[in-house]
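J.: The chain contents come next:
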Amino acid sequence: MGLDRRAFLGLVAGGAVGTMFTPIPWKFIDDASIWTQNWSWIPRVPKGQIDYVGTSSKLCPACEGLKIMRVAGNPVSAGGNPDHPLSRGGVSALARSEVYMLYSPARIKSPMKRSGKTFAPITWEQALIEMAEKLGAAKGSVAAISGDGTGTVNEVLSALVGKLGSAGCFMMPTEATSAAKGIKLMGGQGQAGYDFENADAVLVLGADLFETWGTSTRNRKAFGATRPAGAKPASTYIYVGPTRNNTASVCDQWIPAGAADFGIVALGIAWHLLKAGATSNAPGFDTFKAVVNGGFGPEDVKRATGIAPDVLAGIAKTLASAKAPLVVTGSPFGQGLGAAPFIAGMSLNMLLGRINKPGGVYMLPELAAVVPGAMSRAALLDGDLPAFLKGVEAGKTPAPKALLVYDANPAYGLPESATMAKALEKIPFKVSFSSFMDETAALCDLVLPNSLPLERYDDVATPYGSGFCIYSLVRPIQKPIHDTKTTGDVLLALARKLSIELKFDNFQQVLKEKVAGLAKASGGFVAKDVMPWQVAAGKPAPALVGGDLWKALETGFAWTMVGQVAQTGMGFASEVVAKAVKAGKAPAVAATLAPYSQLRTGTPATGIPCQDLTTVPDTELVGDTTFVRLNSETAKALGLKKGQTVKLSAAGVDCQAKVHIFESVMTGMVSAPLGFGHTAFDYFSQGKGANYLSLMTVAEEPGSGMSMWIASEVKIA
Amino acid sequence: MEEKRSNSAGGVGGMVLCALIGFVGALVVGWVIFPKLLYSEKTQPIRFSHTVHAQLGIDCEQCHHLGPDGRFAGLPTTESCAECHGEETGETTANGKEIDKFVKDYVKTGVQVPWLVYQYQPDNVFFSHAAHRGFECTKCHLDVAKMDTPPAYYENRLSGYSKNTMKMWECERCHASMGTSNACYVCHK
Amino acid sequence: MSGQKMEFPITWGMVIDIDKCTGCGACMASCQTENNVEPQREASNKLRSTSWMTVYELTNGKSFPDHDIAYLPRPCQQCGNPPCVSVCPVIATEKNENGGIVSQVYPRCIGCRYCVAACPYHVRYFGWFDPVWPEGMQKTLSPLTSVRPRGVVEKCTFCHHRWTLAKDAARANGKDPDNLDDGAYVTTCVQNCPSGALAFGDLKNPKHKVHELIKSPYAYRLLERLGTDTQVYYISRREWVRKLGDNYLKSE
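Chains as they are written, first to last, in the UniProt record's numbering: chain A, 1 to 717; chain Z, 1 to 189; chain P, 1 to 252.
Pairs of lysine-lysine, DSS-like flavour, derived with a Cα cap of 30 Å:
| id | chain 1 | residue 1 | chain 2 | residue 2 |
| --- | --- | --- | --- | --- |
| 1 | A | Lys323 | A | Lys528 |
| 2 | Z | Lys146 | Z | Lys42 |
| 3 | P | Lys139 | A | Lys47 |
| 4 | Z | Lys108 | P | Lys139 |
| 5 | A | Lys47 | P | Lys175 |
| 6 | A | Lys658 | P | Lys62 |
| 7 | Z | Lys167 | Z | Lys146 |
| 8 | A | Lys528 | P | Lys175 |
| 9 | A | Lys396 | A | Lys117 |
| 10 | P | Lys209 | A | Lys539 |
| 11 | A | Lys485 | Z | Lys108 |
| 12 | A | Lys113 | A | Lys485 |
| 13 | P | Lys139 | A | Lys479 |
| 14 | P | Lys215 | A | Lys232 |
| 15 | P | Lys209 | A | Lys528 |
| 16 | A | Lys641 | P | Lys46 |
| 17 | Z | Lys101 | P | Lys139 |
| 18 | A | Lys396 | A | Lys134 |
| 19 | A | Lys139 | A | Lys117 |
| 20 | A | Lys396 | A | Lys422 |
| 21 | P | Lys46 | A | Lys658 |
| 22 | A | Lys715 | P | Lys62 |
Hints in this document: simulated from the structure, not taken from any laboratory.
Kindly produce the complete structure, drawing on both the sequences and the hints.
T.: As structure tokens, this is what we get:
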């Protein structure tokens, strides 16, 4: 019997009915719908056991202790470590990004050597041979730049460069540079540490305390602790600066003042304190009194800064009547302050009797160095990098034959960037140890990528701003993802190749020795149940429990000590202040550039962390254009309109910007965000906006001779 | 025409017969062939014998335990297996060879074994073992403790999940019968 | 609003002290990564970028020098009477669980975006594109939140997965998972905020700090007049800030 049409239809119908009694249609629909939920290009989340391990942030200048969440042993995210005095559970947008930075597209994947305009990968062995040869030839004229303000690796670097014959060992300029210079000129010893936790009235002169100044996460935790939600605050914070920045936005009072005027404001307040009978037996008090009384009366200050006499008197009253007043001076963008404003601010602390007192300024001792021949931190901070590079560019200073750049991006992160880049070009052999392809690495002859903090051993020793000595470890939580090495190890290997004795074979040994030294120091303890500021306020310091300090530090705890260097002869340095701070009539300038910096756009050495780009508001960046902020009065005077594209010119450089009308900027000021305008790094940083730091011109501060670039005139068209 | 007419007379029965064949055929395809086509059969990378370990008196919890945070640790790592099986045995028995394979391929290389997990839930499911501690493991899991050879793993070619992965309706049915909430976020993330 | 107000024995709530927020963005950065939001190359296009937590800038509208600013971090407000839930045609978003967190189930969402339109707080985001991580970075994905394909709506979940973790930890330690200690469950933004501006807890549990905080005379909620009955409270001692929390007539 052949299969005719009817039979076929019967077969089909029977099959169709039969199929309904099988799982085919139902299972198929179900599975197909699940299939649409699992596209192969949508990544799956990792599976495995979750645990948390401690370390410290090295990318973020606030140096928070971190708790890294891991899944099956792989780091997944970074949160604050509640036991760490510099974090107390808080974490900045930058420190949060440490884990994702491991996979940043800007990472350098292996050692590289310049060939023409590009780089070619080489092996570590080749790199070491090449470097040893070039540095051997450059003996006597090797310079180094470090951007690591807290690491013991500076000891290795400075000792190596010293033994090679140093042409200068420099730190990237920060708040610490101005402070160190100021303390030196005042005849003081130690590093200024600010005890915010015990202070009840804080006058902030310029310093962006809660964003870029020093231990900003800790500063904010201390601030928050005295401000119970919805209740009367137990502290007063007054901000003096050109804009109501992130710090000023939460302060009780914002007093608009130009960034060049912080010294005048400080001395103006001193006038009121002196009038009320403040005195001091520190050297130079009489000269100081004469300087203040001779030119910083209320009317002088008003003429120079526009601050009304009663406002100034009010600040003086707040400080004088507080139990634990504290004055902090800094730059609104974290660099270029100069020494005199710092000294003027510190003079207020001295008048108020706040040196080495709870809630005041502690002069912290430097932790003992372990590498023979290393420079001390104070000595490193004494170098003036912008002045050096400007000298090289102008031919006044001989260009070093070789330059080592560690954790720094001087081609981007210095003022007059164009000048600095030209100076760098004059140095014939340059090595960058950057983890990322930054602007400086792009100029170098050899790039020897450092492993990232989550892949290496490193340390954090008392960051500037911390009110107590503190030491925490950074330890590898992940094997290096790319062919990178810890620079400390590379430098020690290089020393061996050059037959230079640095005592250590690897960097971990250096750190172990450092920690062994801490274990012997008296007064130190591991912060757990008792925090250093509680000890400062009178609580007995717990003993350093016997046992393995290294192990405790590796777990994420911090060694800390409430120490102070007794001051012999710290004075007012009035001769410096008198030369540098003058309350003349404010010069008629159409527009002054007032940059501001934020951790969410990273540091010059990190670029913009990819996950943080979302946190940048569209009043700061839209597409590839950044905004500058000015108030409506300034805009009117300059003939500018909201949203208008303008060109800012200064220091022989032009920068593009759009205008954002923002009324919390002082009249006459143009507020500009830093951290943008990268020409290197990855697509999250590159080409986004302009680098307004390049518009800042460097001047020599009278009295101290230090480079300063706190405020620069800018042309807008 | 004549012929066709006569054909049509006998065709009714033929049509019914064909329909019956089609019906039975579809049942065979649907119940026997389709499942075989839908699932690919996979075997575990190492023939791990739960029986041998259970007979040695090792509790299930020794390898499959809750962490101190209450999260289920899941499968043991290569490192924890290596606590006992750190070195090759050199034995020629089937079990001995399998141990040596494990040591050679995973312990020495420090690689985790890509075990095929019969019950893995999709990424958007948050299953808490701690919350279900009152139940016997075998209520949901295969009773592997009695198996010398791990059962075959059937992977759904369409959805990519294991055949043994519990479906949402099964979760919901049990929750409903226990009076536990069936709100989305009780299980989903 | 005609929807039914839902009441639960546990009501998770956030209290945000605006007077402490410096607008730094740490909460946003924490949220992005905790919840597997892709790094967005063109994040400056705020209509297309996703940030479950967003910090808004508030101003008092005056000119220099009387101008004042404040920052308002905005997670999902977890309305007691959520406008998004009633418009969802497929029950992909619901408020039906103890704790009062408005759920969002991605595989069920059909991407109609009714909820996006309905939400008065703009907390809902539609995925216009498939998420892409730079090479290797998918290894840092959090296992606690599923990755969303394009075409579905997502929003802040009060880090609901952290609640399940906290409950598991309580169970493991023999504690009552329905009566967690204050601080046992907090969201990632609350945990990481360097200023301590954010607080989190059970609004109905007298042992939790937020229970008292919401009684402050300075506490308010956003758009209270809509009757959304949100579970996020804000605190500011500045009257102009509080006034911006709702729409007022000139005479008010």
